[in-house]
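*Asks:* In order, the protein sequences belong to chains A and B. Numbered by the numbering used here, the letters in the first sequence go through residues 1 to 494 in order. Numbered by the numbering used here, the letters in the second sequence go through residues 1 to 267 in order.
Source of the hints: derived by calculation from the structure; they are not laboratory data. Heads up, some of the hints might be wrong.
[What the hints assert, rightly or not] In silico DSS-like links for lysine-lysine, alpha-carbon gap of 25 Å or less: (1) K34/A with K152/A; (2) K284/A with K152/A; (3) K54/B with K42/B; (4) K249/B with K113/A; (5) K284/A with K62/A; (6) K96/B with K113/A.
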Amino acid sequence: MNKWLVIVMAALLASCGQAPESNVATPDTGGSRKGDFGPPQGEPIHAVLTSPPQVPAATNRKTPAKVIVELEVIEVDREIAEGVTYTFWTFGGTVPGSFIRVRQGDTVEFHLKNHPNSKMPHNIDLHGVTGPGGGAASSFTAPGHRTQFTFKALNQGIYVYHCATAPVGMHVANGMYGLILVEPPEGLPPVDAEYYVMQGDFYTVGKYREKGHQAFDMQKAIDEHATYVLFNGSESALTGPNALKAKTNQNVRLFVGNGGPNLVSSFHVIGEIFDRVQYEGGTKVQENVQTTLIPPGGAAIVEFHTEVPGNYVLVDHAIFRAFNKGALALLEVQGEPRPDIYSGKQVDEMYVGDKLVSTAPVGAAFKSRQAGTLTQAQQIQAGEVLFKGTCSACHQESGQGIPGVFPPLAKSDYLMADHKRAIGIVLNGLTGKVKVNGVDYDSVMPPMSQLNDDEIANILTFALNSWGNENGVVTAAQVKEVRATTKRAEGAAH
Amino acid sequence: MLNSQWFWKCVYGIAVAIVATAALAAPPDKEAVLQAELPGGKFETVLPPAPAVKTTRVAPFRLDRSLVTNAQFARFVKAHPEWRRERVARLFADDKYLSHWNAAGEPAGALARQPVTHVSWFAANAYCEARGARLPGWYEWEFAAAASDRAPDARNDPAWRQQILDWYSRSARGSLPPAGASPANYYGVRDLHGVAWEWVEDAGSMLVSDDGREQGDGSNRFCGVGAATFEQKENYAMLMRIAMLSSMKAAYTSSSMSFRCASGERP
Chain A
1 MNKWLVIVMA
11 ALLASCGQAP
21 ESNVATPDTG
31 GSRKGDFGPP
41 QGEPIHAVLT
51 SPPQVPAATN
61 RKTPAKVIVE
71 LEVIEVDREI
81 AEGVTYTFWT
91 FGGTVPGSFI
101 RVRQGDTVEF
111 HLKNHPNSKM
121 PHNIDLHGVT
131 GPGGGAASSF
141 TAPGHRTQFT
151 FKALNQGIYV
161 YHCATAPVGM
171 HVANGMYGLI
181 LVEPPEGLPP
191 VDAEYYVMQG
201 DFYTVGKYRE
211 KGHQAFDMQK
221 AIDEHATYVL
231 FNGSESALTG
241 PNALKAKTNQ
251 NVRLFVGNGG
261 PNLVSSFHVI
271 GEIFDRVQYE
281 GGTKVQENVQ
291 TTLIPPGGAA
301 IVEFHTEVPG
311 NYVLVDHAIF
321 RAFNKGALAL
331 LEVQGEPRPD
341 IYSGKQVDEM
351 YVGDKLVSTA
361 PVGAAFKSRQ
371 AGTLTQAQQI
381 QAGEVLFKGT
391 CSACHQESGQ
401 GIPGVFPPLA
411 KSDYLMADHK
421 RAIGIVLNGL
431 TGKVKVNGVD
441 YDSVMPPMSQ
451 LNDDEIANIL
461 TFALNSWGNE
471 NGVVTAAQVK
481 EVRATTKRAE
491 GAAH
Chain B
1 MLNSQWFWKC
11 VYGIAVAIVA
21 TAALAAPPDK
31 EAVLQAELPG
41 GKFETVLPPA
51 PAVKTTRVAP
61 FRLDRSLVTN
71 AQFARFVKAH
81 PEWRRERVAR
91 LFADDKYLSH
101 WNAAGEPAGA
111 LARQPVTHVS
121 WFAANAYCEA
131 RGARLPGWYE
141 WEFAAAASDR
151 APDARNDPAW
161 RQQILDWYSR
171 SARGSLPPAG
181 ASPANYYGVR
191 DLHGVAWEWV
201 EDAGSMLVSD
211 DGREQGDGSN
221 RFCGVGAATF
231 EQKENYAMLM
241 RIAMLSSMKA
251 AYTSSSMSFR
261 CASGERP
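This is chain A alone, in the form it adopts within the complex (with noise of 0.2 Å):
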């Protein structure tokens, strides 16, 4: 380093006064040369792998112990998305592979087992194994067949594992990566929660939620034109019933990996922050964080504690990633409502312009209605609120709309003319060709069935009465009878 650089930063830190406890506090952990805690204690220990979402139980040991590890290859046909299958390749039958949960330190024996039923060959490189190949060599495992190797995890962290056979992007693509976590010594500080979660991107020949079972196309992968991304290997993985659960006052603890093979994740969950971040699955510790990236091939752990009770997305912030090809997961997290924290909807009212609009009169003239004392008054005033939010954009406030493109309503022939007809347009729109005060218009109108029945009487009974218009009601009893005469248009909001 330039040694001018050096004074002036060790300049910068003096004038600082002390650095903060957090910078200076963190050990070095030595890394490898300090992760050979001599040979394995007592008798050796079957490792407990679990399938994702859950975690193993933490080892909870002072020494270093050999740990057998057995994982099993197996090629399945599943549920990519709702309807549509995919052959995908997996340590353990689920995607991501099984958990694997160690000590530093630990001796590991590995056992990799190819199902007799498989089609392809496989192996493993743990990002955890010093050695070459990260043992890939090593397991080079024909169908029905089993391999044996033996590692010392020298590094703490959370390490991805993934099958390094050719072409190794087709068998990480089909969901052969987990992930590996290396506890340090004193083993990580206990949590109410524990979860695991892994993103991987996938490449279909048919498009998103094309139904049946769906091949994998090769040049999509090779483009790195995703036809999904998701966490846990489905649609469905941690949404509904299998969303991940959590009560307020918890803090819990994501273990992300990130499989890839193409795609950095952006990881963010909707409405939480992340107190601490070992970003990059390392030692040190970022605070407070939004979105962390997790590249493929690595992993990262988060931790927050859950004050408010509610759902909790977990997306890839590349957003169109997350609600259009499915990099979307769930949190549930149950517990009294918090309204000092966060407070729920209190005001819900329109805003046109720089104008706000009290909603008032649309529900004071829904219960004259319900009560039978409604006026036209009151049906005027509650139609201008709703005419002002969903009609004015095109009809304009002043009823004129725009000559040649939205027809007028304002001393309008064509509306005066038919109220029921009126009706039909505001539920079902209107296209094509009309005739207004001796003008043609050629345009499109889109249905308005979202309104309900009190609404759309009050917005014509305000537009008969409005602009030069006189007299003329329309009742929710004649939108309702309308509506029960008329199919619901295609695409009609609701």
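With chain A held as given, fit chain B onto it using these hints.
*Replies:* Frame of chain A; chain B shown alone:
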């Protein structure tokens, strides 16, 4: 690696000797097997014979039109009882050898017409020798498999390549189709793709690296699949064939590994 190569060659030598003895002892089976004539020629291979040499010359040869069936293999085993499931030496076939046959050691029902699987390289080699034939060499197999139904070499046709890849996108569960059920290719050969893996005569010398990412160091012919020495990296179907063959020792058997025989001068 060196030690395992020596072991391999040793086993291979013994096998050849035994097979030769067996072939002398029993006359070749008089099976009517239709073979296709292939012209051979200069051929661009995915496994270059030497650095910077991309082509190889394949001599004219004949190749079985479809895979050997369980019924055909059962007749061979009957005539050569040393290849019966319970009598074969473990050195020549693992304990899954013919494990899909019934308790009487015969293929039952629909199995008879399906391609034989759960056969070791030694068993496949003995079968072909007994017929007066041999296993095809890798280059011969690759030459035949390059053909689509219309072209002798369709390997640059992306649609055809994806069609082949689709087989690899399905699991190996479920039974195989009857041998010869797939359409004939340009040379009149069937089942080269989409049915099963196939043994080749020089499978034992396909010392592909066990790690699919290593660069070749020149110490053996096929080191580094997917790396420097493997040509046509987009030809993933071939890459998988070679990976599979290189994972299989000569005594291994698998539920999706079958074979066919070839005739003509040894490559």
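*Asks:* Are the hints correct? Go through all of them and say.
*Replies:* Verification of the supplied hints:
1. K34/A with K152/A: 12 Å, holds
2. K284/A with K152/A: Judged against 25 Å, a Cα distance of about 23 Å means the pair holds.
3. K54/B with K42/B: Since the Cα atoms of K54/B and K42/B sit roughly 10 Å apart, the hinted pair holds (cutoff 25 Å).
4. K249/B with K113/A: With Cα atoms ~16 Å apart, K249/B and K113/A stay inside 25 Å; holds.
5. K284/A with K62/A: 22 Å, holds
6. K96/B with K113/A: The hint holds at about 15 Å.
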